Amino acid sequence: MHCCYYHTANLLLTWRHKGIIMSEGAEKMDEDPQYGGCEGPDATYVKLRSSDNHEFIVKREHALTSGTIRNMLSGPGQFKENETNEVTFKEIPSHVLQMVCMYFTYKVRYTNSSTEIPDFQIDPKVALELLMAANFLYC
Amino acid sequence: MLRLAHSFTMDIYMMIRRQKTTIFTDAKENTSVMELKRILEGILKVSPENQKLFKDETEMEDTKTLQDCGLTSSTAQAHKPATLVLCFRQEDGEFEAPEVVPYSTPPELPDVMRPQQETAPAEQIAS
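These protein sequence lines map, in sequence, to chains A and B.
So in my numbering, spot 87 of the first sequence is number 1078, and the numbers just go up one at a time.
So in my numbering, spot 94 of the second sequence is number 90, and the numbers just go up one at a time.
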């Protein structure tokens, strides 16, 4: 049973490392087929913009941790964000959005993980704004 | 059995910063710097020979692995990623100077949230 877990985990890690696009029938981006970018409906990465115009590029899979972002990106196509894969948050400053992105990585890494999960440290100064952002982002 | 589970190479997590852009990505410890530049090429559409990566002001050579450059699973974790700085080659052929625009600063803690003076350690609290 342990061997099975190891094999699957190894496959999953390799899959994520290669940035292989999740859905089938995805469009081919460039001549270099291995690494995706931010274009197209099945892009590997999405851009999150903060109120002070900092750009955060995270894996699409990670950003979908947030219910709000998930709705924006996979809605019935009415949202412009769906096409450009860019979401702008006019109320979230960069120091908060940075922590949000770190949280996405943390959540995806340790969900359903049997390894010891370290604490996610939050500086008290940022805590209130982070709480408001988390509330808005539904994650 | 448990030993087997830990024998695959660990993921390391990074923030790659250039001016106002931050890219959150991960890679294996034994990934080469060149491979990481290819990943960045996929995102930013800049070819690897026009990219330079720095860790703590030291340039990272293409042939080295990320582990060689000091990025391990203990220094580059999912919730505490390591920071790398990226530079592009400019039109005149020279590389731009590494520049990272700092993030915004959080507001000061309101008084009610400050630690109580009696229980605070010996350090002075500025008035």
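It cannot be assumed that every hint is accurate.
Said to hold, decoys possible - Under the rule of at most 30 Å between Cα atoms (straight-line distance), these lysine-lysine pairs were calculated in the DSS-like manner:
| hint | chain 1 | residue 1 | chain 2 | residue 2 |
| --- | --- | --- | --- | --- |
| 1 | B | Lys51 | A | Lys1098 |
| 2 | B | Lys16 | A | Lys1098 |
| 3 | B | Lys41 | B | Lys51 |
| 4 | B | Lys51 | A | Lys1038 |
| 5 | B | Lys60 | A | Lys1081 |
| 6 | B | Lys24 | B | Lys51 |
| 7 | B | Lys41 | B | Lys76 |
| 8 | A | Lys1116 | A | Lys1038 |
| 9 | B | Lys24 | A | Lys1081 |
| 10 | A | Lys1038 | B | Lys24 |
| 11 | B | Lys16 | B | Lys48 |
| 12 | B | Lys76 | B | Lys51 |
| 13 | B | Lys51 | A | Lys1116 |
| 14 | B | Lys24 | A | Lys1098 |
| 15 | A | Lys1038 | B | Lys60 |
| 16 | B | Lys16 | B | Lys76 |
| 17 | A | Lys1116 | B | Lys60 |
| 18 | A | Lys1081 | B | Lys76 |
| 19 | B | Lys24 | A | Lys1116 |
| 20 | B | Lys41 | A | Lys1116 |
| 21 | B | Lys60 | B | Lys16 |
| 22 | B | Lys48 | A | Lys1116 |
| 23 | A | Lys1038 | B | Lys16 |
| 24 | B | Lys24 | B | Lys41 |
| 25 | A | Lys1038 | A | Lys1081 |
| 26 | A | Lys1098 | A | Lys1116 |
It is worth saying that the hints were derived from the structure and are not from the lab.
Quantities reported herein were computed from a predicted structural model and do not represent experimental measurements.
(message) Lys24 (chain B) and Lys1116 (chain A) were given as a pair; does the straight-line alpha-carbon distance stay at or below 30 Å?
(response) violated (33 Å)
(request) Mind checking the alpha carbons of Lys24 (chain B) and Lys41 (chain B) for me, to see if they're no more than 30 Å apart? (result) The given pair, whose Cα atoms are some 22 Å apart, holds under the 30 Å limit.
(request) With a cut-off of 30 Å on the C-alpha distance, tell me whether Lys16 (chain B) and Lys76 (chain B) pass. (result) holds (20 Å)
(request) Compare the distance between the alpha carbons of Lys24 (chain B) and Lys1081 (chain A) with 30 Å, and conclude whether the hinted pair is satisfied. (result) violated (34 Å)
(message) Would the hint linking Lys1116 (chain A) and Lys60 (chain B) be met if the CA-CA limit is 30 Å?
(response) violated (38 Å)
(message) Next pair to validate is Lys1038 (chain A) with Lys60 (chain B); report whether the Cα-Cα distance is within 30 Å.
(response) holds (29 Å)
(message) Need the status of pair Lys41 (chain B), Lys1116 (chain A): alpha-carbon distance at most 30 Å?
(response) Distance of about 37 Å is beyond 30 Å: violated.
(message) Next pair to validate is Lys1038 (chain A) with Lys1081 (chain A); report whether the Cα-Cα distance is within 30 Å.
(response) The given pair, whose Cα atoms are some 14 Å apart, holds under the 30 Å limit.
(message) Check the hint pairing Lys1038 (chain A) with Lys16 (chain B) against an upper bound of 30 Å on the C-alpha distance.
(response) The given pair, whose Cα atoms are some 12 Å apart, holds under the 30 Å limit.
(message) Next pair to validate is Lys41 (chain B) with Lys51 (chain B); report whether the Cα-Cα distance is within 30 Å.
(response) holds (22 Å)
(message) Lys76 (chain B) and Lys51 (chain B) were given as a pair; does the straight-line alpha-carbon distance stay at or below 30 Å?
(response) holds (15 Å)
(request) For the pair supplied as a hint, Lys1081 (chain A) and Lys76 (chain B), confirm whether the alpha-carbon distance does not exceed 30 Å. (result) holds (25 Å)
The structure does not agree with the numbered hints 5, 9, 17, 19, 20, 22 stated previously, though it agrees with the rest.
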